[in-house]
Amino acid sequence: MHTKTLHEIRELINKGEVSCVELTKNALDRISKVDDKVGAFLQVDEEGAVNKAKEVDEKIKRGEDVSFLAGIPMAIKDNICVEGLKTTCASRMLENFIAPYDAHVTKLLKRNDAVILGKLNMDEFAMGSSSENSAFKKVRNPYDLERVPGGSSGGSAAAVAAGEAYYTLGSDTGGSIRQPASLCGVVGLKPTYGRISRYGLVAFASSLDQIGPFTKDVEDCAHVLKAIAGYDEMDSTSAKREAEDYTKYLNQDIKGLKIGIPKEYFAEGLNENVRKQIENAIEVYKKLGAEIKEISLPMSKYALAVYYILASSEASSNLARFDGIRYGYRADEFEDVVDLYVKSRSQGFGDEVKEELCLVHMHFLLVIMMHIIKRH
Amino acid sequence: MSVTVRDVEYVAKLARLEFTEEQKQKFTEDLNGILNYVEMLKEVDTDDVEISIGAYRVENALREDVVKDSFNRDSLLKNAPDSQDGFVKVPKVIE
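Protein chains in written order, with this note's numbering: chain A, 1 to 376; chain B, 377 to 471.
What the hints contain is simulated information worked out from the structure, not anything from laboratory work. A hint or two may mislead.
[As the list claims (entries may be wrong)] Listed next, the in silico PhoX-like pairs over lysine-lysine satisfying Cα-Cα at most 25 Å (straight line):
| # | chain 1 | residue 1 | chain 2 | residue 2 |
| --- | --- | --- | --- | --- |
| 1 | A | Lys110 | B | Lys402 |
| 2 | A | Lys263 | B | Lys418 |
| 3 | A | Lys138 | A | Lys107 |
| 4 | A | Lys255 | A | Lys240 |
| 5 | B | Lys418 | A | Lys137 |
| 6 | B | Lys418 | A | Lys138 |
| 7 | B | Lys402 | A | Lys86 |
| 8 | A | Lys107 | B | Lys444 |
| 9 | A | Lys263 | A | Lys248 |
| 10 | A | Lys110 | B | Lys418 |
| 11 | A | Lys33 | A | Lys137 |
| 12 | A | Lys33 | A | Lys59 |
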């Protein structure tokens, strides 16, 4: 059962071959069987999940129309708020933080009667790309437990790959959905900026952060995206466009579609197997009638350096709120209020986060120093 | 130009963080690596490049200014490390 896709499961429910409670109990069993090894979950809400599943089963029994996602078990990255559950960002800083409200995407999932199994492990505050930087435990790649699942949404990718949830949500700032999806062999999408509201997502680098789905296939991805996209007045960068039915594009003809292949992306260091897979995909598109064209994006080599500066600058201001005053970790002993900030932040944040926070100050310090030197 | 342990101590202070000696050593090395890497941006000539703030035209999505219910104070104070009489409790900040 756990190897089936979301749309296959929907069909089984619709045919009456499986109930939502059965599905949910199966998923919970699967979690208790494999998650000791995988480490994808930080929190499992057994009671909430089973109750929701019962509710959907009753709706179906009464003959009510239910949504595509109704009654199907899923899970959410632990930097996205679900009211009443912890949102830790895999950090000691938020170890005991209970979300007082639902993120916009959570609200939409609940409106669609999704069964939320729990919260997923990640790199602390989404900083990292291996999911080894969780303050609580490492996530492992279900295909080979000695390898990393990628990150920062490693828990979201691993949970889908290990059949612990039929789909999950993650967040992507600089690859945090796309890279772990690739490493775990599942579908991951970073939607266009503005497509999905970030209200209730703990901010890392706001000009880049996006929430997106992890699924077993592209069809599932279209269904999940359709459910969580759309305008939200609580996110001022949210695009004023209604969600579309992305599933209608699934079987469209792509004859004449022009696909650009940036030559810079085939740089030194690209794994041979990966290169072969990309070339295979290009062949498939060609056969389907797409026009393949090599293009050049000559600034690509600077992207990572620019990213370092932007992401660390934005992280530094976004994480200034964690000061031990209103919520989050507060040190037990301190001398005065400044010492309270310093001790709470130093004890609450992990090394990766601290380094990121220093980087931006360091960069600006060097810029200032260089200006001073130039002037003399 | 390279970063020294003293620089790390200074920026730690700015970021309201404190480090062990071991962390200071490690961060000094790591930060030097990253800063050397981003140095490459200097070779890019941006004089005639127009400022771009993104690939898509995004306008501020302002909402109507209407009075609405806000959060319940008690539910928010549940996450406060220390509170009293409906307020967040902090150490004394004035002498």
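**Asked** Failing hints, ascending?
**Response** Those not satisfied are hints 1, 3, 4, 5, 6, 7, 9, 10 and 12.
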